[in-house]
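Novice: Single-letter residue listing:
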Amino acid sequence: MKLRQTPSQTVGPYFAYGLTAPQYGYPFTALASDQVADELVPGERIRIAGHVIDGAGQPIPDALIEIWQADSEGRYAHPSDGRASNQRFRGFGRFGTGTDSEHRFIFSTIKPGSVDGVQAPHISVIVFMRGLLTHAYTRIYFSDEAAANERDPVLQSVPSERRGTLIAERGQTATGTLYHFDIHMQGDEETVFFDV
Amino acid sequence: MTKAKTLPPRDWESHPPYIYPDYRSTPLRGPKRPLVPLKATLSELTGPVYGHESVAEIDSDLTRNSARNGEPLGERIIVTGRVLDESGKPVPNTLIEVWQANAAGRYVHKTDQHPAPLDPNFLGAGRCVTDQEGRYRFKTVKPGAYPWPNHFNAWRPNHIHMSLFGPTIASRLVTQMYFPGDPLLALDPIYQSAPAGARERLISEFSLEVTEPNYALGYTFDIVLRGPHETPMETPR
Numbered sequence: 001m002k003l004r005q006t007p008s009q010t011v012g013p014y015f016a017y018g019l020t021a022p023q024y025g026y027p028f029t030a031l032a033s034d035q036v037a038d039e040l041v042p043g044e045r046i047r048i049a050g051h052v053i054d055g056a057g058q059p060i061p062d063a064l065i066e067i068w069q070a071d072s073e074g075r076y077a078h079p080s081d082g083r084a085s086n087q088r089f090r091g092f093g094r095f096g097t098g099t100d101s102e103h104r105f106i107f108s109t110i111k112p113g114s115v116d117g118v119q120a121p122h123i124s125v126i127v128f129m130r131g132l133l134t135h136a137y138t139r140i141y142f143s144d145e146a147a148a149n150e151r152d153p154v155l156q157s158v159p160s161e162r163r164g165t166l167i168a169e170r171g172q173t174a175t176g177t178l179y180h181f182d183i184h185m186q187g188d189e190e191t192v193f194f195d196v
Numbered sequence: 001m002t003k004a005k006t007l008p009p010r011d012w013e014s015h016p017p018y019i020y021p022d023y024r025s026t027p028l029r030g031p032k033r034p035l036v037p038l039k040a041t042l043s044e045l046t047g048p049v050y051g052h053e054s055v056a057e058i059d060s061d062l063t064r065n066s067a068r069n070g071e072p073l074g075e076r077i078i079v080t081g082r083v084l085d086e087s088g089k090p091v092p093n094t095l096i097e098v099w100q101a102n103a104a105g106r107y108v109h110k111t112d113q114h115p116a117p118l119d120p121n122f123l124g125a126g127r128c129v130t131d132q133e134g135r136y137r138f139k140t141v142k143p144g145a146y147p148w149p150n151h152f153n154a155w156r157p158n159h160i161h162m163s164l165f166g167p168t169i170a171s172r173l174v175t176q177m178y179f180p181g182d183p184l185l186a187l188d189p190i191y192q193s194a195p196a197g198a199r200e201r202l203i204s205e206f207s208l209e210v211t212e213p214n215y216a217l218g219y220t221f222d223i224v225l226r227g228p229h230e231t232p233m234e235t236p237r
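In order, the protein sequences belong to chains B and A. Quick note, the first sequence lines up with residues 1 to 196 if you use our numbering. Quick note, the second sequence lines up with residues 1 to 237 if you use our numbering.
Treat the hints as calculated values from the structure; they're not laboratory data. Possibly wrong hints are sitting among the right ones.
[Said to hold, decoys possible] Mimicking DSSO-like on lysine-lysine, the simulated pairs with C-alpha atoms at most 27 angstroms apart in a straight line are:
no.: 1; chain 1: A; residue 1: 110; chain 2: A; residue 2: 139
no.: 2; chain 1: B; residue 1: 2; chain 2: A; residue 2: 142
no.: 3; chain 1: B; residue 1: 2; chain 2: A; residue 2: 89
no.: 4; chain 1: A; residue 1: 89; chain 2: A; residue 2: 39
no.: 5; chain 1: A; residue 1: 110; chain 2: A; residue 2: 142
no.: 6; chain 1: A; residue 1: 139; chain 2: A; residue 2: 89
[Stated by the list, open to error] Here's a subset of chain A near chain B, in silico, CB distances under 10 angstroms, partners left out:
no.: 7; residue: 27
no.: 8; residue: 50
no.: 9; residue: 124
Since this is a predicted model, take the numbers as computed values, not measurements. Ideal Cβ positions, reconstructed from N, Cα and C, are used throughout, including at glycine.
Given these sequences and hints, build the entire structure.
Specialist: As structure tokens, this is what we get:
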């Protein structure tokens, strides 16, 4: 039996109280948030922040960003990953761009390890918003992993002039390491989106 | 050791395009460059696992999960169905999250300015996890239609937003479920953005069997996620 996939539809402007209620102050629980790893999860503490930017160069205030990542040893908390991952670490984050005064997404997590020794450390990203009828997949790589990035088969499959759109820039703030990663939906700097 | 698994492609004949000018938010927001092919790795063949422990029974009853001093207004409905993969196999233990307008067509969301009343006994958000047969079930009230600024006199058909994970991030789906016989469907660019022949899959069916006498109307809605994912093979290293 071959069934056809149910079509995607936009997440719309009003996802906040359903998917990210505590972040937006609605009286409902949420299963995921911007806090991907608590302080007991081993690994280097990092934050990742950025804007989602439309074709007119404006930050998008109603995007929903989800991230999925391995733990600091490159293991996923999933039955298909035979290596038992850290019990405290689910590896999934979800945050809307509607609550930060600059309309950024911000995640607190740990830096993932290389999944298989071949791929460079990376985080999978799923992008949703009003006006996006089907979600878009991209990846976050890390600027301080230049050597691993040079060998990463996915990154190397991207035309070299667009590779930079996938690399988060490492910086230091008073509160720790902060990677900057903007997502450009369109334009000269359009982020590479993958046909996963 | 890496396990490779088969993964059928995202079916672009079933999904809307990124740029669909009749839906006026798409031209500045949809990616314009071709997607870069990515052969799925373990990163795409895994995804967050939210099982039955992550939901409470009341989460799936939107007529009760936010009630303060009574029942929400509106027509009580039951929405149930199965989550399947493309081979027809059930997708068990997968999370479904829903959100919707109230019976008057008003969302609780702060930016919804439609001057229809809020309902103190209705939030409009819920979640549940599918059982071993891939079955899910929500109790709610039928959401109202509401105006939106896309074009003159634009109204969204009655719909319930649904978000699903499936086994991996590659099977992720966010969609909207519609109701049969809604005259607004023919006029709605979001519904119409899905290709003809596919968009009809977004319409639930009325079911007398699911309908509970003297209580609530029943609708069925099956959801097909990308997959199967469960044919593990060892890859030679």
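Novice: Each hint needs a verdict: does it hold in this structure or not?
Specialist: The hints, checked one at a time:
1. 110/A - 139/A: 24 angstroms, holds
2. 2/B - 142/A: 31 angstroms, violated
3. 2/B - 89/A: The given pair, whose Cα atoms are some 10 angstroms apart, holds under the 27 angstroms limit.
4. 89/A - 39/A: 24 angstroms, holds
5. 110/A - 142/A: 21 angstroms, holds
6. 139/A - 89/A: 25 angstroms, holds
7. 27: 7 angstroms, holds
8. 50: 6 angstroms, holds
9. 124: 7 angstroms, holds
Consistency note: the structure conflicts with earlier hint 2 alone.
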